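Visitor: So you can see what is in the structure, the chains are spelled out below.
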Amino acid sequence: MEALAALTLAVLVTCGVYLVLRARTYPVVLGLSLLSYAVNLFLFFTGRLVTGAPPLAGAATPTADPLPQALVLTAIVIGFGMTAFVVILALRARGELGNDHVDGTGEKS
Amino acid sequence: MNLLLIILLPLLGALLPPLAIRYGRSASAWTAAAITLAALLFALGPLVAVFGGAPQEVHWTWLPQAGLDIHLRLDGLAALFVLLILGIGLLVILYARYYLAERDPMGRFYGLLLLFMGAMLGVALSNHLLQLLVFWELTSLSSFLLISYWHHRSDARRGARMALAITGAGGLAMLAGFMLLGHIVGSYQISVILNAGDLIRAHPLYAPMLLLVLLGAFTKSAQFPFHFWLPHAMAAPTPVSAYLHSATMVKAGVFLLARLYPALSGTELWFFLVGGVGLATLLFAAYNALFQHDLKGLLAYSTISHLGLITLLFGIGTPLAAVAGVFHIINHATFKASLFMAAGIIDHETGTRDMRLINGMWKYMPHTATLAMVAAAAMAGVPLLNGFLSKEMFFAETLHLSALGAFSWVLPAAATLAGIFAVAYSARFIHDVFFNGEPIDLPKFPPHEPPRHMKVPVEILVALCLLVGILPAITVAPLLAVAAGAVLNGPLPDYSLAIWHGFNTPFIMSLVALAGGIALYTQRHKLFALHDRVFPGVDARALFWEFITWLMDTAHAMTRALENGSLQRYAALLLLTAVAAIAWPFLNSTAPIAGPVPAAPIDALTLLGALVMMAAAVVTTVWQRQRLTAVIALSVVGLVVSLTFVRWSAPDLALTQLSVEVVTIVLLLLALYFLPQRATVDSSNLRRGQDLLLATGVGGGVGLITWAMLTRPYTTIANYFVENSLPGGGGANVVNVILVDFRGFDTLGEITVLAIAAIGIFALLDNLRLEMPATDDGGRPWSSERYPLVLSQLTRFLLPLALLVSVYLFLRGHNAPGGGFIAGLVTAVALILQYMASGIDWTQQRWRLQYHPIIAAGVLIAAATGAGSWLYDRPFLTSAFGHFHLPLAGEFELATAMLFDLGVYLTVVGVVMLILANLGKLTQRSAGEGGT
Amino acid sequence: MLNAAIVFAFACIAAALLLNFWRLLRGPTTPDRILALDTMYINTIALLVLFGIHLDLTAFFEAALLIAMMGFVGTVALCKYLLRGDIIE
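Protein chains in written order, with the numbering used here: chain A, 301 to 409; chain B, 216 to 1147; chain C, 127 to 215.
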């Protein structure tokens, strides 16, 4: 199971990084989304893979680690804020520069 | 406490003179003087105690774990500097009142002067190396500001920058030296360091440490070869030159030598470095002083030379030499400050500082001339004046030195030679300015005596020169004894302050210097010609600027090489570095990547999920040019991520991820409308291959790290949270209790970040006009039906339902999955749905809320909840809770944390709505533009 | 008996999800894909409820509730985009 989790993250990161390296703003945004999924999952996995024991106090059995979960919860919301900011930045760049190249040049590279 | 006040009064008082200037120039000057006097008054008690033999010490704890505390100590050496700083400071304040012209901003001048005064007092009183360094840099900064006081003049700006560059670089070196010193001793406290001399000198890091510390001291005290900033600092107003660049700030370097003398001195390295640099400076600057035509330039080089003399004395390393060094600090401060003030008066009255023009001033200002001549005689080392006494001690010390073996004659000879030059430039100062015929083409003519009070500071200082020179035993002796005792950190050697020690070698050296100097001066015309021929325009300043230009060019070239403006390239470089940094330990380690924890079995459903997620991620990448399809694939990834959270017991995360997912889709679709719908292939195959390789490297690295982590044993710090969640936080949902209670402060920070991001986005959207596509990517025209009837009717029923879900999630969030973040997202999604189905106008007619105030209210409520616990004398964000019973609803619980969660909720709603609604309005605005 | 039923149900839903995903990959038109995504959301609801029954936990039922809502909103947004391009106007 651990190897599967690692492989999944590897694929997510590979796709994310490849997209982030593209020349147009839209794939970069997609790539950032994929990367933030991967990062959130990684942080979440630091609490290890626990089945069927949500971190609710009072349960008899030991529960999943609540700390990475709390961390990831805010990270997801902040991640949205960041994505929104990047998206708007891309729009603004399009509006000001008239193209959607990440360098604002509009040239092929 | 008084010690701290001595520093704080000028530092904080620096704000007052600029305010007092409204009530006139005198008011401003009086304010500055009153603050200085008050500081002197506070210093009086501790000073008396120090003279009684009891150093004063205070200490406040700040960050004891990091060894950072506030340590102040007033011993003899500090007492000497406090007296110099405050005493001469007071005289300079009085002098500057008359020196500064009507149009000069006097408030700023006095403010900066007080700032410097406080910083310098901090240097003198610090008993902690790093604290000393902070004040040290503050003196450099205030010196920069004071040199550039007349900032309309380019020479002032350049001089100020040069001074800052050199003293700042020295300060940086000194910081490194101090770190090493602190590392060697294990403490930054100076009084501890002073008693660890043997340990320090025997340490292998002694040499680099000493070199770095000395760099700081030498740059500050303008020692050769870092001397050249001081002559250019003469662009400052003369009171500044008198105060900072002769009496106090430039003494900070020698102060440091004196301060650390017991800890660092006594080695060959110290002797050759400090003594050598001191000697070189002494000779070089004394020689150069003679050839300056600028009145202040002469004084500046003479200052450098005297600083070299003091450095040399500390370098010699005998106790008597150190006493002489301290003595010369006192004497130099008095006669040089008075000389600068006299030079300022002459400049003020004649309008120039060129000695080739200023001649025969005796006729026009006999009073000033007398004062200046006495001071200049003290500088030359004429008997019955204070300069003579310390200089004779210096001569005597050079004779007693045996460290140079057969070359022992070098030092006395060099000292005498420097003495000859000193007499010669002093003679030039006297003769060239006050006699030597008539003035030539003065900008102001005829010059006359300055205002009465402008001369008072000069008179006081010159009187001191005479008093100390004639009656040393009853004037300066106690101060010298206590200061020298502090420098030596041990018993004082025997010395006598008498004027007449008999007809001995030092006296002969003095006589030779006097006679030789005057002889040299009479031959000056030949000498000047020779100097011009041998050293045509060798200027350290030019070298300095060349160096600076080279430095800037190199920096630019490096920047250009790394930064070509391509984001893709930066990202690739960044990632490549990251891959290398990750690969390095992997390649160098023999430990297996997988840890000892046995792998859990894979079940079919999880495998299916993982495969779908990976496939969807790949498909997103492959389809990135078909924009809409890529969004659909991306949301599959998001959906499976939420399922992953469920699979591994994180219901809160699943809820958050689901809601954020939808909000992100809406966001992407809104943006997509304004971006090209389809894209061609931009990059070459090679480029894509490279990128893919890099991406695989990064992905593989992350995969390996994840695998290595997951297969290693694991301990958690979360048990505390799980155990205390119910009894301490009053909630069963540990994740939510962590967010709103245990780590509430972090959450407060996070919602603040969100709010800032939203406001940033709002600002970016302001006035943005974008082109809107007329057809979809297939070339079909858009549907004419803006708000499909079925959709808009259906969603109206959904709104209350969705809001109910959000309230439900909010209320139970403390005990079961839910909470402010999730409830906020759900509310936002419910509202967004109305915007989509019924339009902005329809929704805003019924929902007349602005989103900015909601965000503000959210952050404020959260912060106020935190601050509320102060009312009960608890730390910020302490939560309280209680159980209540409501009929029908039953037992429920109310915690202040819920109020905090309400703040989170409001912020999230406000932020999401502000972003999406404003982005949505973009089309309205752009369409409106297009229509008209 | 219940266990066997749950396993069977899991298998069915897994098959359904796979087929949904297949449709999403194949298309051929965008509405096909949107529909596939929407159906995936619906199948996920069932999956979550089944998972809750399987583990005897109620903590995941809110997630199921939320998927129902969010899936709908997501589909609306995508469809509106197809229709008008401008989803908030």
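It should be emphasised that the hints constitute simulated quantities derived from the structure, not laboratory data.
Keep in mind the model is a prediction, meaning the values are calculated, not measured.
A hint or two may mislead.
Claimed, not checked - Take a look, some chain C residues computed to stay more than 10 Å from chain B by CB distance:
#1 Ala131
#2 Phe134
#3 Thr156
#4 Ala189
As the list claims (entries may be wrong) - Beta-carbon label-pair distances, calculated as ranges:
#5 Gly404/A x Phe1012/B: 38 to 48 Å
#6 Ala194/C x Ser999/B: 39 to 49 Å
#7 Ala770/B x Ala194/C: 53 to 63 Å
C-beta: ideal position from N, C-alpha, C; glycine also.
Visitor: Hint by hint, note whether the structure agrees.
Guide: Each hint tested on the structure:
1. Ala131: Correct as stated: the minimum Cβ-Cβ distance to chain B is 15 Å, above 10 Å.
2. Phe134: holds, 13 Å
3. Thr156: At roughly 6 Å from the nearest Cβ of chain B, threonine 156/C sits no farther out than 10 Å, so the non-interface label is violated.
4. Ala189: violated, 4 Å
5. Gly404/A x Phe1012/B: 38 to 48 Å: holds, 46 Å
6. Ala194/C x Ser999/B: 39 to 49 Å: violated, 31 Å
7. Ala770/B x Ala194/C: 53 to 63 Å: Holds, since alanine 770/B and alanine 194/C (Cβ atoms, about 59 Å apart) stay within the stated range.
The structure shown violates the earlier hints numbered 3, 4 and 6.
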